[in-house]
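Number of protein chains: 2
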Amino acid sequence: MSAKEKKSIYKPKPVSGFPEWTPEVRMIEQQWLDHIRRTFESYGFCSIETPSVEELDVIRAKGGDGGADVDKEVYVLERLHKEEGDKDARLALHFDQTVPLARYTAQHFDKLVFPFKRYQMQRVWRGERPQAGRFREFTQCDIDVINVDTLPLHFDAEMPAIIWETLSSLPGMEKENIQIRVSNRKILMGFLKTLGITDSKDILSITRNVDKIEKQGQEELRCTLVSIIKHTPALAPLSTIDLIMELVKIKATSSEFSGLLHDFIVRNDVIARSISDEAIQNFKEGIEELAFVMDQLSHLPEGAVVADLSIVRGLDYYTGTVYETVFLDDPGYGSICSGGRYDDLASSYIHKALPGVGISIGFSRLFARMLDNSAFETKRKSPADIFVVLPNEERRALANETAQTLRKRGFNVETSHGGKLKRQLAYAEKKGIPYVWFPPFEDGLDHEIKNMDTGEQIHADPATWTI
Amino acid sequence: MSAKEKKSIYKPKPVSGFPEWTPEVRMIEQQWLDHIRRTFESYGFCSIETPSVEELDVIRAKGGDGGADVDKEVYVLERLHKEEGDKDARLALHFDQTVPLARYTAQHFDKLVFPFKRYQMQRVWRGERPQAGRFREFTQCDIDVINVDTLPLHFDAEMPAIIWETLSSLPGMEKENIQIRVSNRKILMGFLKTLGITDSKDILSITRNVDKIEKQGQEELRCTLVSIIKHTPALAPLSTIDLIMELVKIKATSSEFSGLLHDFIVRNDVIARSISDEAIQNFKEGIEELAFVMDQLSHLPEGAVVADLSIVRGLDYYTGTVYETVFLDDPGYGSICSGGRYDDLASSYIHKALPGVGISIGFSRLFARMLDNSAFETKRKSPADIFVVLPNEERRALANETAQTLRKRGFNVETSHGGKLKRQLAYAEKKGIPYVWFPPFEDGLDHEIKNMDTGEQIHADPATWTI
Numbered sequence: 001m002s003a004k005e006k007k008s009i010y011k012p013k014p015v016s017g018f019p020e021w022t023p024e025v026r027m028i029e030q031q032w033l034d035h036i037r038r039t040f041e042s043y044g045f046c047s048i049e050t051p052s053v054e055e056l057d058v059i060r061a062k063g064g065d066g067g068a069d070v071d072k073e074v075y076v077l078e079r080l081h082k083e084e085g086d087k088d089a090r091l092a093l094h095f096d097q098t099v100p101l102a103r104y105t106a107q108h109f110d111k112l113v114f115p116f117k118r119y120q121m122q123r124v125w126r127g128e129r130p131q132a133g134r135f136r137e138f139t140q141c142d143i144d145v146i147n148v149d150t151l152p153l154h155f156d157a158e159m160p161a162i163i164w165e166t167l168s169s170l171p172g173m174e175k176e177n178i179q180i181r182v183s184n185r186k187i188l189m190g191f192l193k194t195l196g197i198t199d200s201k202d203i204l205s206i207t208r209n210v211d212k213i214e215k216q217g218q219e220e221l222r223c224t225l226v227s228i229i230k231h232t233p234a235l236a237p238l239s240t241i242d243l244i245m246e247l248v249k250i251k252a253t254s255s256e257f258s259g260l261l262h263d264f265i266v267r268n269d270v271i272a273r274s275i276s277d278e279a280i281q282n283f284k285e286g287i288e289e290l291a292f293v294m295d296q297l298s299h300l301p302e303g304a305v306v307a308d309l310s311i312v313r314g315l316d317y318y319t320g321t322v323y324e325t326v327f328l329d330d331p332g333y334g335s336i337c338s339g340g341r342y343d344d345l346a347s348s349y350i351h352k353a354l355p356g357v358g359i360s361i362g363f364s365r366l367f368a369r370m371l372d373n374s375a376f377e378t379k380r381k382s383p384a385d386i387f388v389v390l391p392n393e394e395r396r397a398l399a400n401e402t403a404q405t406l407r408k409r410g411f412n413v414e415t416s417h418g419g420k421l422k423r424q425l426a427y428a429e430k431k432g433i434p435y436v437w438f439p440p441f442e443d444g445l446d447h448e449i450k451n452m453d454t455g456e457q458i459h460a461d462p463a464t465w466t467i
Numbered sequence: 001m002s003a004k005e006k007k008s009i010y011k012p013k014p015v016s017g018f019p020e021w022t023p024e025v026r027m028i029e030q031q032w033l034d035h036i037r038r039t040f041e042s043y044g045f046c047s048i049e050t051p052s053v054e055e056l057d058v059i060r061a062k063g064g065d066g067g068a069d070v071d072k073e074v075y076v077l078e079r080l081h082k083e084e085g086d087k088d089a090r091l092a093l094h095f096d097q098t099v100p101l102a103r104y105t106a107q108h109f110d111k112l113v114f115p116f117k118r119y120q121m122q123r124v125w126r127g128e129r130p131q132a133g134r135f136r137e138f139t140q141c142d143i144d145v146i147n148v149d150t151l152p153l154h155f156d157a158e159m160p161a162i163i164w165e166t167l168s169s170l171p172g173m174e175k176e177n178i179q180i181r182v183s184n185r186k187i188l189m190g191f192l193k194t195l196g197i198t199d200s201k202d203i204l205s206i207t208r209n210v211d212k213i214e215k216q217g218q219e220e221l222r223c224t225l226v227s228i229i230k231h232t233p234a235l236a237p238l239s240t241i242d243l244i245m246e247l248v249k250i251k252a253t254s255s256e257f258s259g260l261l262h263d264f265i266v267r268n269d270v271i272a273r274s275i276s277d278e279a280i281q282n283f284k285e286g287i288e289e290l291a292f293v294m295d296q297l298s299h300l301p302e303g304a305v306v307a308d309l310s311i312v313r314g315l316d317y318y319t320g321t322v323y324e325t326v327f328l329d330d331p332g333y334g335s336i337c338s339g340g341r342y343d344d345l346a347s348s349y350i351h352k353a354l355p356g357v358g359i360s361i362g363f364s365r366l367f368a369r370m371l372d373n374s375a376f377e378t379k380r381k382s383p384a385d386i387f388v389v390l391p392n393e394e395r396r397a398l399a400n401e402t403a404q405t406l407r408k409r410g411f412n413v414e415t416s417h418g419g420k421l422k423r424q425l426a427y428a429e430k431k432g433i434p435y436v437w438f439p440p441f442e443d444g445l446d447h448e449i450k451n452m453d454t455g456e457q458i459h460a461d462p463a464t465w466t467i
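Here the protein sequences line up with chains A and B, keeping their order.
Counted from 1, the first sequence has number 293 at position 293 by this note's numbering; the numbering is strictly sequential.
Counted from 1, the second sequence has number 321 at position 321 by this note's numbering; the numbering is strictly sequential.
Bear in mind the hints are in silico, worked out from the structure with no lab data behind them.
Among the hints, a few may not be true.
27 Å max Cα-Cα, derived DSSO-like pairs, lysine-lysine [unchecked claim]:
#	chain 1	residue 1	chain 2	residue 2
1	A	Lys72	B	Lys11
2	B	Lys193	B	Lys175
3	A	Lys111	B	Lys13
4	B	Lys212	A	Lys13
Simulated DEER-style distance windows between Cβ atoms [unchecked claim]:
#	chain 1	residue 1	chain 2	residue 2	range
5	A	Thr405	B	Gly334	31 to 41 Å
6	A	Arg208	B	Asp88	35 to 45 Å
7	B	Arg134	A	His35	34 to 44 Å
8	B	Thr150	A	Pro14	28 to 38 Å
9	A	Met452	B	Pro152	41 to 51 Å
10	A	Asp88	B	Lys422	42 to 52 Å
11	B	Glu394	A	Arg222	21 to 31 Å
12	A	Arg208	B	Ala463	45 to 55 Å
13	A	Asp316	B	Leu445	11 to 21 Å
14	B	Lys249	A	Glu78	38 to 48 Å
15	A	Glu78	B	Gln31	31 to 41 Å
Idealized CB from N, CA, C, for every residue including glycine.
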């Protein structure tokens, strides 16, 4: 054994939950990200990026009862060798893009033009225990519109329209049957209060079970309702359960929605049952808003967007419209794109009401699923359109000039580093480069180009040749 | 004071060392990143991205005596609430893209095609003490070519050619006077040994002072040489110092280089002085390699690239060609793009020689400098080319259709959310959107479009109008 062979070797291995792709897969990921960016920009959304970190206090400032849940997932940074007296604020990697957006909007408030339409496509981190299919580092693609004081409801309709356009035209997604499901939290919230369910813990357990209805079926929800009714004697037991179950099962296209809801209200005499004017008002407002949003989306293909009253979203900051997006053939995979409207984005930072509406593509989850399903052709391992052969060392300058001429005309061109012609061609083939260019091997000959797919080889001029 | 006003407010502030831009600056940053990516791809480099983290052992596996220096800058991750028995490997944010590249190349070795030409544009992190102008999170744009066993020297010339093309054509950089300085470490190393300076500590202190010659002048280097000569009686004192000083002051264009070096060797009788055949061989090899690289770059504009024998780079893993890039008007700002050739990229992981050559644009430093110098016009706060006015609520469908027609033709289009016409126009103006589209306000009228720069307003058809 030689000294070299004895040297200890550290076998590199993937870090669980931190995905990484080979060049050919990365090329498709780039196509996807470009496509998403292009679509977002085509609607006038501007890009922002925020640092990967926020102060830990900012991460925790997030309202609602999310705090405890969030804590478990947060990665904090430590300098490996801290110096004495190091009094920097603790920094943590952001776990979503909404918390940084709130801080950003407040911090740069005076420099932003409202309504502020921004997109953000960055990595986020969640330090969960590693498990199959869960990422600890992943990319999200978010769009949000934020305004001061009030935000027109049209934006609630713009979000799913953009997402539909984006997702349905992603390369490789053409055959997938996806559906955006929309609801409005005011409907279920108002309805529960209308029926007399007012305890916030009860409401939370109902919404959590409604949220999971597709994954775990209706039984859990029914059991929760039964137990709530047990300790709330004022409720009319059976009809309450049936009514709630009936409501959350409503799924409707834009043309059906208003009729269905009207029928539900009349048939069940909902207005008369109501024990709270405010609650019924809320309920009706939610229905009107959702009807408006659905109406604005009626130009999309049948089934692209449905009103689905089981959609409530787990996060407490949503106050109106909520969205989820599923594969119709595999709804158990969960939502690949979710969001909603919130009344007050940055109340921890600024004495202004900043209502907004946003939606987020879970890019990495979506991409990884398509990859697992072999949805992509991964032949090309290089962005090069053309590989320029090196006839011999004396003709290197000619090969370089040829490549440069083609580059100036917009082609991506790799020049050969030399070697036997057969090996040069094998290299182009292995990289999946679609065209091979042959500069003249002797004076007086023409340039030639070979189509690697068809094998066809023709005379060509680098100044004029086109694909 | 109302309850709302009394609520405590957390004033958001920037985290020192973690830059973040307003939308108009981000737009230019995107232009820059797109431009760099496009140029890299035009030479056939493929993109890879690696996770933000590596196992701490991998980060530390980096050879040479870099370990201690590196440790100070490394950020390790901790889950905020670790669970009992949590035995995950410690993870650290990468502080460059070379360490991850080495691990990546070894890990995916069987799936890569060599020579492996990759670019990588990602954030890296260095947990230094915060100081003005130093970033703790920043973006680097790297290209590297790696091969198995040997790597042709042509690639050493391709690197500065690509970098010259990239940097000189970045929007806003047109007027900057930048220069790429190239050397070959074998020249200085061989020369020192030729003269009898063989102690590795001595060599290290000389190279460190040569490396800083532009920042701190020649005196430090001279003092170092004096002290080395004191403890190395075999050296001929004065001539040694003068010779080294003369060598590292050599700066030459491609046409001058060979002549100058030949003159230096002959005039100083270098060959005869040499006390080591191996050293003089190394010295000559370095000169030949550098002459070859310079010759291959002779097509670039005068002064774009110079051979500069004071360039040595601090990092030990470079073994041949080395690069730096400076603003000629402000060389003290330091290098904005550096790199070099290394013989053995991944010897910690794999029993194969993987020589490579690479160069890295310090994107954030460069961009921040241009921003400080107000090099950019930041009028546009939105990617939208066209803002479509909403004539009135009844014509919203028409406005949306108009926008969609324009989008399908490749324009970025924002539709107005409504309100008084004057305010709609003010909004477009504030966002710096160059064109405003007026759908007909009544049946029978034409569409019109206004150029916001010139004020010109003309009739137009959304299906055919062009800028």
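For each hint, the structure was consulted:
1. Taken as a hint, the A/Lys72 and B/Lys11 pair is honoured in the structure, with Cα atoms around 25 Å apart against an allowance of 27 Å.
2. For a cut-off of 27 Å, the pair hint linking B/Lys193 to B/Lys175 is broken: about 42 Å separates their Cα positions.
3. At most 27 Å may separate the alpha-carbon atoms for a hinted pair to count; A/Lys111 and B/Lys13 meet this at roughly 15 Å.
4. For the proposed pair B/Lys212 and A/Lys13, the alpha carbon gap of about 38 Å is over 27 Å, so the pair is violated.
5. Between A/Thr405 and B/Gly334 the beta carbons are some 36 Å apart, a value that agrees with the proposed interval 31 to 41 Å.
6. In this structure the hint that A/Arg208 and B/Asp88 lie 35 to 45 Å apart at CB is violated, the actual value being about 29 Å.
7. For B/Arg134 and A/His35, the hinted distance range of 34 to 44 Å is satisfied, since their beta carbons lie about 36 Å from each other.
8. Checked against the hint of 28 to 38 Å, the pair B/Thr150 and A/Pro14 passes, with Cβ atoms roughly 30 Å apart.
9. Hint check: A/Met452 to B/Pro152, Cβ distance near 23 Å, so the stated range 41 to 51 Å is violated.
10. Distance hint check: the CB atoms of A/Asp88 and B/Lys422 are about 48 Å apart, consistent with the given range 42 to 52 Å.
11. At about 46 Å, the beta-carbon gap between B/Glu394 and A/Arg222 misses the expected band of 21 to 31 Å.
12. Here the CB-CB span from A/Arg208 to B/Ala463 is close to 50 Å, well matched to the stated 45 to 55 Å.
13. At roughly 48 Å, the beta-carbon separation of A/Asp316 and B/Leu445 lies outside the given 11 to 21 Å, and the hint is violated.
14. At roughly 45 Å, the beta carbons of B/Lys249 and A/Glu78 sit within the given window of 38 to 48 Å.
15. Between A/Glu78 and B/Gln31 the C-beta distance comes to about 36 Å, which sits within the given range of 31 to 41 Å.
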